[in-house]
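Asks: Each chain, written out:
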Amino acid sequence: MSFLKVENITKKFGNQFALNNVNVEVEKGEMVCILGPSGCGKTTLLRIIAGLETSDSGKIVIDGRDSTYFPAAKRNFGIVFQSYALFPNMTVIGNILFGMKQKSKASKEDLEIRALEVLRMVDLFEHRNKYPRQLSGGQQQRTALARAIAISPSFLLLDEPLSALDAKVRNKLRSEIRSIQKELGITTIMVTHDQEEALTMADRAIVMNNSVVEQSGSPRDIYNNPSTPFVAGFIGSMNFIKITKGEQAIRPEKICLVRHSEQHDYTALIRAIEFKGALTRINGLMRDKSEVYIDLSSQEFDSMNLREGATMFLRLPEKCLTSYSDSLIIEEPV
Amino acid sequence: MIERMKQWISRINIGQLIVLCFMLAMMVMIMVLPLFSLFARAFQSNAEEFVGLENYQAYFRTPALFRSIWNTIDISLVTAFFSTVFGFLYAYALTRTRIRFKTFFRYVALIPIFIPTVVHALGLIYLFGRQGVITRMGFEIELYGRIGLILSQVIYTFPQAFLMFFVTLEYADGRLYEAVEAMGVKPLTRFIKITLPEVKFTLINVIFVCFTLAFTDFGAPMVIGGSFNVLATDLHTQIAGLFNFSMGAVIGTLLLTPAIMAFIVNRITNVANMGAMSAKSTKLIIKKSRGRDVFFFILCSVIAFCFFALIGALALGAFTTLYPFNMTLTLDNFRFNPAQGGIGSFFNSITMSLITAAVGTVFVFAYSYMMEKTNGLTALTKIGKLFSILPMALPGMVIGISFILFFNTPTNPLNFLFGTIGILVMANVLSFFSVPFLTATGALKKLDKEFESVSDSMSIPRWKLFYRVSVPLSFPAILEIFMYYFVSSMVTISALVFLYNPTFRVASISIAHMQAAGDIAQAAAMSLLILVVNVAVRLLYELAMIFIKYKTKRRES
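Chains W and Y are the protein sequences, given in the same order.
Adding 66 to a residue's 1-based position in the first sequence gives its number in our numbering.
Adding 1309 to a residue's 1-based position in the second sequence gives its number in our numbering.
Keep in mind that a hint or two might mislead.
[To be verified] Derived lysine-lysine pairs resembling DSSO-like cross-links, with alpha carbons at most 27 Å apart:
no., chain 1, residue 1, chain 2, residue 2
1, Y, Lys1682, Y, Lys1858
2, W, Lys196, Y, Lys1858
3, W, Lys140, Y, Lys1773
4, W, Lys169, Y, Lys1773
5, Y, Lys1691, W, Lys78
[What the hints assert, rightly or not] DEER-style ranges, computed between Cβ atoms:
no., chain 1, residue 1, chain 2, residue 2, range
6, W, Ser202, Y, Phe1413, 41 to 49 Å
7, W, Glu262, Y, Arg1863, 37 to 45 Å
8, W, Thr76, Y, Tyr1859, 48 to 56 Å
9, W, Asn276, Y, Ile1577, 33 to 41 Å
10, Y, Phe1856, W, Ala233, 36 to 44 Å
11, Y, Leu1505, W, Arg373, 55 to 63 Å
12, Y, Asn1721, W, Gly203, 56 to 64 Å
None of these hints come from the bench; they were simulated from the model.
All values derive from a computational prediction rather than experimental measurement.
C-beta atoms are modelled at their ideal positions from N, C-alpha and C, and glycine is treated no differently.
Next up, chain Y with everything else stripped away, as it sits in the complex (with noise of 0.2 Å):
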């Protein structure tokens, strides 16, 4: 025993240790003790007594509360299954068919991942809204309520729908369709019998990933949702409006469900799918035929309207005087009102997306080499991976109000955080840890993995492999993890509407607030100036990608 005690001693690396315990404290303190507190106010009065489930009998038994889950499921099917449908067949137009610009049809589709879920709200209220562009033209809907909430969330929910079903697509086993081929079968049969299945995993993903998205988002709501009520906005109005926390931790722990459901959806299918591709498969050659891609062409055309039509909208308000009144052009809408947070809102954005960035950026890749490149520890490092996939299936509004119970209690020593912009890079840096950390292990994998071992054979420390080694073979994963963190957290105000301290507004929020208050012009010149920023930023990363590919094609020739 004493003999197993010294091995293990003496090939525990103190530094690897101190740095994996570092790691895990953090995921705990930002993650585990929040929730826990969530959790416990569940089942807690005000006064913070246990009271067992009367918090949610009282839930249940008020009609107001309970009618908005309905409200929620509603929306959250009806719009799971639009973009569902709409982004399988703009996923399988760009990787199907043969139709002409699929570049730009790529990129066009992934607009609204750039703006705040209010600001589609916002440009739905140019479109729609009373004095809305087609409303103008006669073509008059209810768009507040629940119409303009479901537009609203396809727009948000599409081009996840679209990437996910993007990917699957596009790696097709051409084999296959040539085998099927030389069968004769008949084209709709092809289509049921290969290629449904084999987006069928996607497919299941993609409708729990849609409808939780749906569920949990608060900005649509927080704009058009007029008096039809959702979780979301319950949620808010318990806590910031009533300060009734129990309550908020009930309808919080009811925002979990779905996403959790995502989450262990998302984990079956994941490994059911492991090894569906084959390193033999070939690429897929697509036939010609006219019809199929004029269909297509049409149909993407028609989306990719749409979405220019919104940014058109926003645009359209940003920069004339008084639409529809006074269409004389003018950039005084940019002048904005300091009592929404003004144009210093703006700032504090890029400021602390820039900061979420960076920190997210190094404490995701060096959490991921020290789950994917410790040796021994396994327990801990089993832990720690655990933990990463986690924040997946944490909604930001989920986040939020466990933030607020967790850090604003007096007796927390962490309590001096709250109201900095300290506490909302937190809650970003965990709200969107999951799909970098994916990125940054990907990478971490594709690195062959006996660099450790050569380097403890000529002691050169793993701090230093890291840097030299691990850290510049994977930039382009870097890159990409910063770039997903900074436009994450520009648009991001689901977790930050709790979080966020008067003095210091961001601009996803300043935006709702000159909507509410009437200066809908100014918001969305705002939303214009959000969507430049993130479009600039991603055009950066992807002239970085460019010069990197062109520098390491140097070395391998």
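Same shape as in the complex, but just chain W (with noise of 0.2 Å):
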């Protein structure tokens, strides 16, 4: 039985749907992304499992409890925000302990023992005795996180909790974060919208968009199977090209580039080439005016010999063709 259940939870704003009947589970251990484009309802879905809003149907179910209608200190869990709002008038240890004491009526010497081996476990053991303002983006946040565990919760919640700091940063953050909570085996939820954190980070993401879960499943399925037009566009790119049997998606990095035109090949203008280090992506122009986006390897470019302006002949596997039906576009956001 999974350890959270979110049942055909909607909740409105307005008139405005924030969620559409969202079902979701979470097993037991496992780190699950929600992931989706800003308005998309997932950060209230987030708030809605912490309880610190309520929905307008639906059940929340808790390690088997119905825990709806539960007020958030009723819900062990503990929570990261992209903010950190950590207390600024507390030095590090002490906006740990203000939680703990709250929780736990271990003794004052238990709580700074565990309170500081949380911190050797964030890597803040010697910053302890700091206030907030006077560490960066990263240590902050690593507290927040430190604040979140101590207080040993049954689950973790992540609102956005990387998107406030600079790209070297976050990526040291996220193996960071993603090795505490296997070492803990604690079952947590992250909010995103960047799209690549939620690949390398999750077991398992959620997609939504317009209120609703578009697809749920392990980051490699969903890459290499997306269900929705959406899903395609969103994680990672998706080329949506005409050809004889329809509309079809093909990844840019499925399309091969060949030095001669046999019968199925389509030719294409390049219009632009764009290194990107380890790739290059090439943006063509098909026959029909329609946009076309090759990902090679930048050493394959090399041996080829391409400039902007001149034809390229392109092939596009069989296999690596995905059709949506006509029905499935229409759900597509304008």
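Got two chains here, separate frames each, mind docking them using the hints?
Replies: Given below as structure tokens:
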């Protein structure tokens, strides 16, 4: 049985659906990322799971107990926000002890031992007596994480925890959060709009759009078999190409460039070449004026002698093509 | 339906609901019900029978009363004009020129705030009265009446006008000025096309605020109004002299009119003014201009000199045996005559102001916290927010008469409060509620809005978060509120004049009584005591702020 069950949750703000009949299940010890563009309802869903927001209808079951009407304090979770929300008038260890003292009846010494243990885990032991403003953004977010796990919660909620940090710190913290999560085996739900973050960190990703869940599955599965055009376009890049058998979707890296055209190949005009380091992206214009993107390794690109304005030949491997029925395409957001 | 009820009830934090209801009940008790009594009485005879518009008809048929409306509008218009012009020029000098001693000038402009309006009038008597310093130099004006009132009200409203313009002008967008500079626009065109639009909304507000303050003030007309009747003095006569409460209520509603208009204008311009300043604005670099700086320096010096002359004249009266006949220096004037309240009234003022500041600060801060951080219960917080801005539109005299009409009835269970210090504190807390509320709300809005979510997740009760985090982090705002309440209570007179008990007189009222009894030197001495205490409180506040800044800085580096 799953640890957390979100059943048919609906929430409206005025006339606008924030969540429209959403169902989610999270297994014990799993790291789940809720992914979607801003305004898709993902943060509202997290806040409803936390009990910081009420739903209009539906049910939240935590650890087998119907918790729909429980206030936040009774749900036993730790939470980390994008803004850190550290108390600036308390030191790092003060922030951590503030919540622990409330939750536990253990002696002061025991609590301090536990707090220091957690601080070592997030590598902040030597910064324990500093105030939040004396720390870097990454250190502050690790403090917030330490504060959340120090109360030994039964699950962890992360609301865009890395969005306020710069790219390098973000990458480092990603793997740190993930390794701590695995070490503790703690059920974790993270909300993010960054698909790369979701793909690298999650056991399972839930893609949301327009207040509904579009797809749920392992990152690899979602990437390889996106079930809707929205997911296809939101996770990675996707070409939608009209060919003889109707509109087909294909990932830019699955398109092969060939030197000599054969019967089933297509021609396209090279409009722009974008060097992205290990990869090079080519933007082309097909005969029917539709756009196409091709990713190839920069090494391969160098061997091909391609120029802007020249013509290239595309081969679309049959097994890499996906088609979405017309009804699905209509559901795509405008 | 039952499902929804169950959900609603389960999520309501009972503690929060109780605190919120308590606060709204307080506001209903000290504001809504008294105002209701006032409006009801305006349509009732003194026997408390409904008479429709009869009271108003009677009012407008009595030329002596009717005349006061024009008198009041007259002095308020002239006051608003002069205060706006001087306030603007003074603020412009301090923000857009390179004159020296700006800090000094800024504090000097605040002097009138630290003394009651009766004292502005008293100072004028020392300068322009029959034996006044300036009169004796051969320059005579008709002080008692229209001119004296206008002078006094300009002194009273100038700091308000100055402060409002100062805040607006201080935040100039330097990019705009650099752009027109590059286009070679002439200074006058620049002033009309950029500076004036920048202060447009403030200008409208200042005019209304100055008009309203002059319209509703009682202190100055009480002392130098002479036979020039205004609404405030009429109101006092009707209530305290003739016990004609119905007519008093009618005048009370008339006094309320410009205040309500000012209030509405303030709401509209506030909304329109939102977002005028962007985060990208750069600091304005003020160009050198000798002519401009000389002009503004002289202007500021003259205005500052006027304030010093006012205080100087009071000191002259307070420290001499019998100005102008016996100029021997003495401290005798500080031995106050007990018949007009004596030195006791000074300590009464301090006691009342300290209690008001303590009660007011706790109430306002907790009130704004509830409005800002309650989750759910939107209907209640909306009402609460409306309540919080209404006091801005309530002149002290209106609060005073409403309190009499509401509390001083035998059927009111709170009747026992009447004549105690408690009712004075309540009137003050209400009178000065809106500015502190905005200060507190501003401070609370700066706190991370997820503090509450985090502490909920850690099962920390709200009251604990409140006193461990919200209060310490908002401490500068709390101090500011305390100081504001204290200083305002020290100088107020209009609500209190209806509510004080002869055995518990406060200093501002004593000053008026001393002056009326001819003990003008003692009145001057008492005025100086109030000024000294208020300036000292302000200084303590500034020192505390420096200390707090120093402490938080240590936490950040």
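Asks: Look at each hint and say if it fits the structure.
Replies: These are the hints, each one checked on the structure:
1. Y/Lys1682 x Y/Lys1858: At roughly 26 Å apart (the allowed maximum being 27 Å), Y/Lys1858 and Y/Lys1682 satisfy the hint.
2. W/Lys196 x Y/Lys1858: Roughly 18 Å separates the two Cα atoms, so the pair holds.
3. W/Lys140 x Y/Lys1773: Within the cut-off at roughly 17 Å; holds.
4. W/Lys169 x Y/Lys1773: Between W/Lys169 and Y/Lys1773 the Cα gap is close to 13 Å, so the pair holds against 27 Å.
5. Y/Lys1691 x W/Lys78: OK: Y/Lys1691 and W/Lys78 at ~20 Å, within 27 Å.
6. W/Ser202 x Y/Phe1413: 41 to 49 Å: Check passed, 42 Å falls within 41 to 49 Å.
7. W/Glu262 x Y/Arg1863: 37 to 45 Å: holds, 40 Å
8. W/Thr76 x Y/Tyr1859: 48 to 56 Å: For W/Thr76 and Y/Tyr1859 the Cβ distance comes to about 53 Å; the hint holds.
9. W/Asn276 x Y/Ile1577: 33 to 41 Å: holds, 37 Å
10. Y/Phe1856 x W/Ala233: 36 to 44 Å: holds, 40 Å
11. Y/Leu1505 x W/Arg373: 55 to 63 Å: For W/Arg373 against Y/Leu1505, whose Cβ atoms are near 59 Å apart, the range 55 to 63 Å holds.
12. Y/Asn1721 x W/Gly203: 56 to 64 Å: holds, 58 Å
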